[in-house]
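Model the full assembly from the supplied sequences, consistent with the hints where possible.
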Amino acid sequence: MNKDPFFEDLREKGWRRKLTPDEEERLAEWLAEHPDEQSEWVAESNLNELLEALPNVPVPSNFTARVVQAAQHEEALAQRKKPSLFDFTISRWTRWLPKAALAAVLLGSGLSSYLYMQAARRAEWAKSLTTVSQLPSVANPEVLNDFDAIAALSSTPPADVELLKVMQ
Amino acid sequence: MSTELDSDAALMLRVKQGDWSAFTELVDKYKQPVMNLVYRMLHDAAEAEDLSQVVFLQVYKSAERYQVSSKFSTWLFTIARNLCLNEIRRRSRHPADSIDAAHPDHDDQPLQQYEDKKTFSPPESLLHGELEEKIEQALAELPENQRTAILLCRGDELSYEDIAKVLGCSLSATKSLIHRGRETLKEKLKPYLRSGCWPKAT
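Protein sequences appear in the order of chains A and B. Going by my numbering, the first sequence opens with residue 1, and the numbers climb by one from there. Going by my numbering, the second sequence opens with residue 1001, and the numbers climb by one from there.
It should be emphasised that the hints constitute simulated quantities derived from the structure, not laboratory data. The beta-carbon is built from N, C-alpha and C at its ideal position, and this holds for glycine as well. Mixed in with the good hints there might be a few duds.
[As the list claims (entries may be wrong)] Label-pair ranges, simulated between beta-carbon atoms:
#, chain 1, residue 1, chain 2, residue 2, range
1, A, R95, B, A1140, 32 to 42 angstroms
2, B, Q1137, A, P21, 27 to 37 angstroms
3, A, P21, B, T1078, 31 to 41 angstroms
4, B, Q1137, A, R95, 57 to 67 angstroms
5, B, E1130, A, D4, 28 to 38 angstroms
And the structure:
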């Protein structure tokens, strides 16, 4: 691309539309100072003209009517596919069924686990109670009143060795 | 240009509300530029007509998604380009049947018959035969993005910023595409461009 911003700016304008008389005049002045760019501008200008002169593709006279007809047909099909109130109600509820079923299963299994644990704990307790109930009964506590005195009797003091020597 | 934007946006708002006359008006306004673009992307007049209709059908079906803040013509040509690209990709996966194959019931007739595509002789055409064919051929041989950029540049519907949106690239990249495409065209059409020999408008 030519780096001159003035030339580039007019070139880009020329791609889309004819230059205004003012722009043409300024371009002519610029080209007079830059004669090397003259052939480049001629090629650009001629190409613009050729592209501008490309003919329009023939459009059938009933094109718009056919498009509108097709769009109206699509609209009618879309209306027919809309669900009835009955379908809408059923579908609204059936959407929630799988989630409700899953919630019920989870709740049920949780409750069962809890009840099982409770029963197991009660069985443990019952077993413990049975074991304790089979222990021999504890003696009357009154027999322990003189326990200290009796305990003292059974323990003899150590021999007085010094006294025994003296007595020999 | 902003007045045009407002009028197209106003029409689309009416289309969103089911106004068929507004839709008809938009189709009438843009059917020619859409056909011009689609034909020169597909190089098949019959397919161009079918696909151009699909473009407007898509516009109608997507009316709910149209944002008033965006320019209608930019949105329209983006739809047109995308549909053309889909068709080109579809063709590359399913090449056309041979046009030389004979009809199974009538040996003297080809399997597929095509109408004469050279129906481009509108009164406003300034070009004739060979030169027009050369330009169309040169355009057809350009990479798709360069060709699309140059074709969208022709009319005054879209600014360079709008063309960049249709192509999905930056403004500088868009101008670069146009420049490169034009350089290729200039090279291929050099004899004509040098001499400037074609019927000029009076």
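Hints, one by one, checked against the model:
{"no.": "1", "hint": "R95/A / A1140/B: 32 to 42 angstroms", "verdict": "53 angstroms, violated"}
{"no.": "2", "hint": "Q1137/B / P21/A: 27 to 37 angstroms", "verdict": "35 angstroms, holds"}
{"no.": "3", "hint": "P21/A / T1078/B: 31 to 41 angstroms", "verdict": "35 angstroms, holds"}
{"no.": "4", "hint": "Q1137/B / R95/A: 57 to 67 angstroms", "verdict": "58 angstroms, holds"}
{"no.": "5", "hint": "E1130/B / D4/A: 28 to 38 angstroms", "verdict": "35 angstroms, holds"}
Hint check: a violation occurs at hint 1 only; the rest are consistent with the structure.
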